[in-house]
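Guided by the hints, dock chains B, C and D with the ligands onto chain A, whose structure is given.
Line order of the protein sequences matches chains A, B, C and D. 1 is the number of the first residue of the first sequence in my numbering; add one for each residue after it. 1001 is the number of the first residue of the second sequence in my numbering; add one for each residue after it. 2001 is the number of the first residue of the third sequence in my numbering; add one for each residue after it. 3001 is the number of the first residue of the fourth sequence in my numbering; add one for each residue after it.
Bear in mind the hints are in silico, worked out from the structure with no lab data behind them. For glycine and all other residues, C-beta sits at the position ideal for the given N, C-alpha and C. Check before you lean on any hint, since a few could be wrong.
Stated by the list, open to error - Here are the in silico distance ranges between beta carbons for each label pair:
| id | chain 1 | residue 1 | chain 2 | residue 2 | range |
| --- | --- | --- | --- | --- | --- |
| 1 | A | I371 | B | K1118 | 55 to 61 Å |
| 2 | B | K1122 | A | K69 | 57 to 63 Å |
| 3 | C | G2205 | B | I1280 | 20 to 26 Å |
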Amino acid sequence: MEYVIEMLDIRKEFPGIVANDNITLQVKKGEIHALLGENGAGKSTLMNVLFGLYQPEKGQIRVNGQEVKITDPNVANDLGIGMVHQHFMLVQNFTVTENIILGNEPTRTGKINIKKAAQDIQELSNQYGLSVDPYAKIQDISVGMQQRVEILKTLYRGADILIFDEPTAALTPQEITELIQIMKKLIQEGKSIILITHKLKEIMSVCDRCTIIRKGVGVGTVNVQETNPDELAALMVGREVHFKTEKKTATPKEAVLTIKELVVEDSRGVEAVSSLDLSVRAGEIVGIAGVDGNGQTELIEAITGLRKIKSGSITLKNQELSTLSTRKITESGIGHIPQDRHKHGLVLDYTIGENIGLQTYYQKPMSKSGILNYKEMYKKAKELIAEYDVRTPSEYTQARSLSGGNQQKAIIAREVDRSPELLIAAQPTRGLDVGAIEFIHKKLIEERDKGRAVLLVSLELDEVINLSDRIAVIYEGKIVDIVDPKETNEQELGLLMAGGTREKAGGTA
Amino acid sequence: MNFLEVLAIIIPAALYSAAPLIFTALGGIFSERSGVVNIGLEGLMMFGAFTGIVSTLLLQDSLGAWAPWVAIVIAAVVCAVFSLIHAVASITLKADQTVSGVALNFLAAGLSIFLIKKIFGKGQTDFIQFRIDKVSIPGLSDIPVIGKILFSNVPITSYIAIALAFAVWYIIYKTPFGLRLRSVGEHPMAADTMGIKVVRMRYVGVMISGMLAGIGGAVYATSIATNFAAGTIAGQGFLAIAAMIFGKWHPIGALGAAMFFGLAQSLSITGAQIPVIQDIPSVLLTIAPYVLTILALTGFVGRAEAPKALGVPYEKGRR
Amino acid sequence: ACGSDDAGKSGGDKKAADFKVGMVTDTGGVDDKSFNQSAWEGLTKFGKDNGLDEGTGYKYLQSTKASEYESNLSKFAESGYNLTYGIGFLLKEDIKKAAKQYPDANFALVDDTLKSENLDNVASILFKEEQGSFLVGVVAAKQTKTNKIGFIGGVESPLIKKFENGFKAGVKSVNPDAEVISQYAESFNSPEKGSAIASTIYSKGADIIYQAAGGTGNGVFTEAKNRSKGGKDKKVWVIGVDRDQHEEGMPENVTLTSMVKRVDLAVEDVAKKAMDDKFPGGKEVVFGLKEDGVGIAPSQDNVSKDALKAVDEYKQKILDGDITVPQTDKEFKEFEKTLKK
Amino acid sequence: MNKLVKNERVMMILIPVVSAILGLIAGAVIMLLGGYDPMLGYQSLFDGMFGTPKAIGETIRAMTPLALAGIAVAFAYKTGLFNIGVEGQLLVGWLASVWVGYAFDLPAVIHIPLAVLAAAAAGAVWAFIPGFLKAKFHVHEVIVSIMMNYIALYTTSSLIRTYLYAGNEKSYDIKESASLASSFLAQLTDNSRLHYGILITIAAAIVMWFILNKTAKGFELRAVGFNQHASQYAGMNVGRNIVLSMAISGAFAGLAGAMEGLGTFQYMGTFTAFTGTGFDGIAVALLGANSAIGILLASFFFGGLQTAAPQMNFMTGVPSELIQIVIALIIFFVASSYLIRWVLGRAGKGGAK
Ligand SMILES: Nc1ncnc2c1ncn2[C@@H]1O[C@H](COP(=O)(O)OP(=O)(O)OP(=O)(O)O)[C@@H](O)[C@H]1O
Ligand SMILES: Nc1ncnc2c1ncn2[C@@H]1O[C@H](COP(=O)(O)OP(=O)(O)OP(=O)(O)O)[C@@H](O)[C@H]1O
Ligand SMILES: [Mg+2]
Ligand SMILES: [Mg+2]
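Just chain A, same shape as in the assembly (with noise of 0.2 Å):
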């Protein structure tokens, strides 16, 4: 059998953590490997180690059957690794080409010859069906864009084998599928590919073998042709999973978010929601569904008071929110899981408890006439650590330390707890495993059973469909239909998204 690269008994320990536990690793040539696991299982670590990020306290590496040792990324390169990290590795203010020969630069005497740079890279592109902008910033362009800049970064190092860190946790569906073509593309072109992603689907449709950890140890590896999702899903966690989670019908009482002629524009200057009516009764959960910058975040960004609005009306149980503070508008009855859970959800060097006690530090019973009682914020941090199964040594541990998934639940359980009106969910599983989001999706159903109106933006159609009651399709800054989930399906919803229109009118909004 002809491996390209074998990562045989790879022990990497971090202080206090063995991340890898003798994990054996082989990839054949002219295959896409997956690499399965759940949050923090090693995966990230494991190809670290392969790129020269890492050095292993144990283990043998192989390329093309010859024993290597990788001792930084430069030794990677030359062997024909190429990685693209799970968080990009772009420098922001450069360009495109800047970003793609850093390192390696072309030069006439002695001067960077970026004509010469940009030829090659387009040249490159148009090979591989990547088409980039030699000369745009990478601060300009779409995350689908800076995706394919990583893989040319690859590409332009002579890269034969390339890892691929979830690569698509931030795409869009229509730049997983083009993403999907580009590396059935490299393997017709003679490359081999190691894929980790936590979507199944995913690595059922592109894989063709696929290695499984958990916990830093390897489980096994499994060809994808004589296994199903079901079967991927218990290897990884240890135990069965249910990936549509279950659900009563809905019965909506009345409307608590109601959204009318709104116009919102974003940073720029530019109007991103325009003239938008919306919505949301208690009792159900609506979902957005729309390609990313269709003004998802400023729709978001408006009720919550984070930004601005430039006309229009948004109201919670008939007050009026947008001329409202921030703060004023969450004790109106707003609970918010941002999108971005790093910059907006939480103080990364706050401690869990400190975070927990985010939205309502200032209140009784965590302060009375300006002073703090951190006892009380520790109490309920203590009580809700326990109720959403946050995974922390303790309430004191700084949220930095937490993995995603976990810090996730963090606030969740923050902003479930002081039981809103209405609940703002955004992205509100990305990057999670598969065992994470079942407990997240269990939760947002479970408000809604509650009685409260639930508001769901996703870019994953899956979950739209599988949670919401009611699914709204936004483009261009506008609700363009309503639709049922139980009537619809992916491919009609992407078709709304992307402009279309539906034969047969339904849905009210």
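Same frame as chain A, but now just chains B, C and D with the ligands:
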């Protein structure tokens, strides 16, 4: 005095006092572009001034008029080495960069006077015999109007400083070294994955800043102060930092800002001799450079974007 | 100063053995090329002449901060020093406090007076800087070719005003048409300001600048040297202050002359008196032209014969009381009026 | 976990102590190299710090402005701001205290608090400007603070010269009724200049600790320091908190000025160069690990070193600059705690085995 006469006084004066600031601010750019805050520029300048004067005093008997020039080179080398203290603390030992810079300032202040007392047996040095003198550039200074304004009565070091700003611009924006240096200051992890030695780049950045601040200090000492004492460098390094930030970490911006400081300062001094301005209370003229800087930053210069990873020690694998 | 030679010698040896004298500098330090240095020279001479050892018999302490003045003064008093100098008016308050706290120790304040406090263990040493400045003003007026003369002061204060007004009076007495351009640097420690101001004043046509600006004055020398390198027709002059600043003007030789203020003599003199139990406690000791406390520096090669002659004439007039040199702006205005008549 | 927390606490104390010892050792080496006797040098240094009641009094006197400057730096630091403008805020505070102390005739019970509050208010106003500009226009607080330092330096001296000038480059003395000087404390310490400012300093340290750790506002200020986006999300007014934090920090710095104006000097000079106390505050805050108690201890140590440096010079001829070098090295050692942690860690492991 007519307007041109006034210009012929303040422009050369501005060029004269801006030169040390330009060198030092350019040094700061190398350090901060690599991601290392350098509040220690003040101390580095001080040590540069110290080295410049001591070297000139020791060399002037044998080298004559060349002594200050050689002294500037020596100061460059010595300060590049001296800046290693900041580099080791803030890069290798991951110290808070601001604090390490502040410590460097204390150290330079204490050490230079301590050594002066040890070497000369007194708290300040003698005056140097040979200075970097103001010159009028032959030919150019004879051009009508601008010759007197731009090319007379200015030390050569000022022109070198201006030329260097353009050279630094080229290095930072046009060469592989510059691209790598900036990448390390913006996103060290990304640079690391591209095989760039983050730590080495940062050491180089800090040492160049030491070198240039040393030159800045030595230029100040050999062209303006002409001896060394405790108060010789009193705030020039901080002004250079301000020029660097004001210039948005861009070499030409820093050049402009340093010239602006020089101009405002010379105006505040010359103002006392110019009709109309004469009547303004002198304190207003004295504080004008600082007030104008604040207004400029607030009003039309707008937000300065620091290198993203500035001040953050790089640890492999940390997110 | 030498009036009590006998007494000094007879009792001297016995007394000198346990006589201790100290001085506290301001933040300038004993090598400030100005009055701290001068004072230390005087003290050193006194110590050597009387067989004292440096460090035990005579000694100085440099202050690095204003808050150290008082504690430094008390250190001497506590260590049994018979007399301690505070060099510079900045130490006035501190001497007052120390003197009250250590009534058995003697103190002397240079450049200001504590007479009104009635402390009989404090002597106040004052100089008539205006008189010396007047004389260098005469030199400047005699030797200017442009009829424009500059004055650069350190910080605008009554003390430096004495230099300015004395100087202006000297200039105007000789040459009423000469213009004096004055500017203060507001700092004793900014050579860059000194040189910038000098540059402005020279550019306005002045060919001589009198500087009374401490460290700031160094910049004035730098600027003058720079200009003088440009050729004979660009030669400009500086008049030094406090000490003979001839050396500071070399090698371009830009020091016209200097106004010396003999802090060294004063310090030596008061120390002698103290040793001889004639300490002028509670009194002001004033050093003017008469006492040779101020005057024109010995390096006079650059001064014309004509000017020297005029200096001698005016010196006599001042000594005779024919001229009272103004100290303040107001007095100067009065003085100018008398000239016009 | 408990062990870890405990360890962290131990480290917080151990690192500054070890650093101070290392700094002093390095100082001894420098003395040796310079041809001085380190034993004698340090003996006279410690005599100068603690040897006599007067020395102790002077040490405490010197510590008060240092501690307040340190508190000012630390308070800003804890809320994500770098207040390098303490020097300027101290100067305006000093001037305000002297002006109120001189211009009014009031009974001491009113006069002293009024003068002290004036200093705090002046410092707060001075720091408000960089805070406001940062909040409103996103201007870097460091550069504005540096500029404000110079403005303060020249403006205060010009104001004194115009309105409060007593000649000799100083203002008029404050009235007796505004003075913090205390004959009781002076007697206690053999006529040192120790004054009641130390009580204000201790109170300020407690206030800092209380605001940051015990109040909802402190929770908010720190949150804004760590993550502005999350704070905004949580309904906090980011801009207002930045301004408030700078103003509070500036008030502490202003108090440091009052210590000089109402305590040590009783007047203010027309300075032409910075006092340096504001910059020393950075060192103090660091050595004190930005904690209230730590700052008090660190300022006591630095204050002592600084007051004793002339004593060392007086007795043994070692230039006082040695102390500056030692302080610089101590800061390096504390800042590079990584190294000390590593060494201590190894030592600990070695011992355990
Ligand atoms: N730099 C680091 N320092 C210390 N421990 C680390 C570090 N990086 C990872 N770990 C540890 O290694 C384990 C594996 O982390 P890793 O990032 O490889 O997980 P993962 O499988 O990629 O998770 P995810 O699916 O969330 O990306 C983690 O549980 C963590 O404890
Ligand atoms: N630098 C680090 N030091 C220590 N532990 C770390 C570090 N980075 C990650 N971890 C640990 O790694 C585990 C998984 O972290 P990881 O960031 O991979 O989770 P994640 O779910 O992928 O989060 P994210 O959504 O941010 O990618 C956590 O238990 C966390 O404690
Ligand atoms: Mg992850
Ligand atoms: Mg990962």
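Going through the hints against the structure:
In this structure, A:I371 and B:K1118 meet the distance hint of 55 to 61 Å, their C-beta atoms being roughly 56 Å apart. At about 60 Å, the beta-carbon gap between B:K1122 and A:K69 stays in the expected band of 57 to 63 Å. The hint said 20 to 26 Å for the Cβ distance between C:G2205 and B:I1280, and at roughly 23 Å that hint holds.
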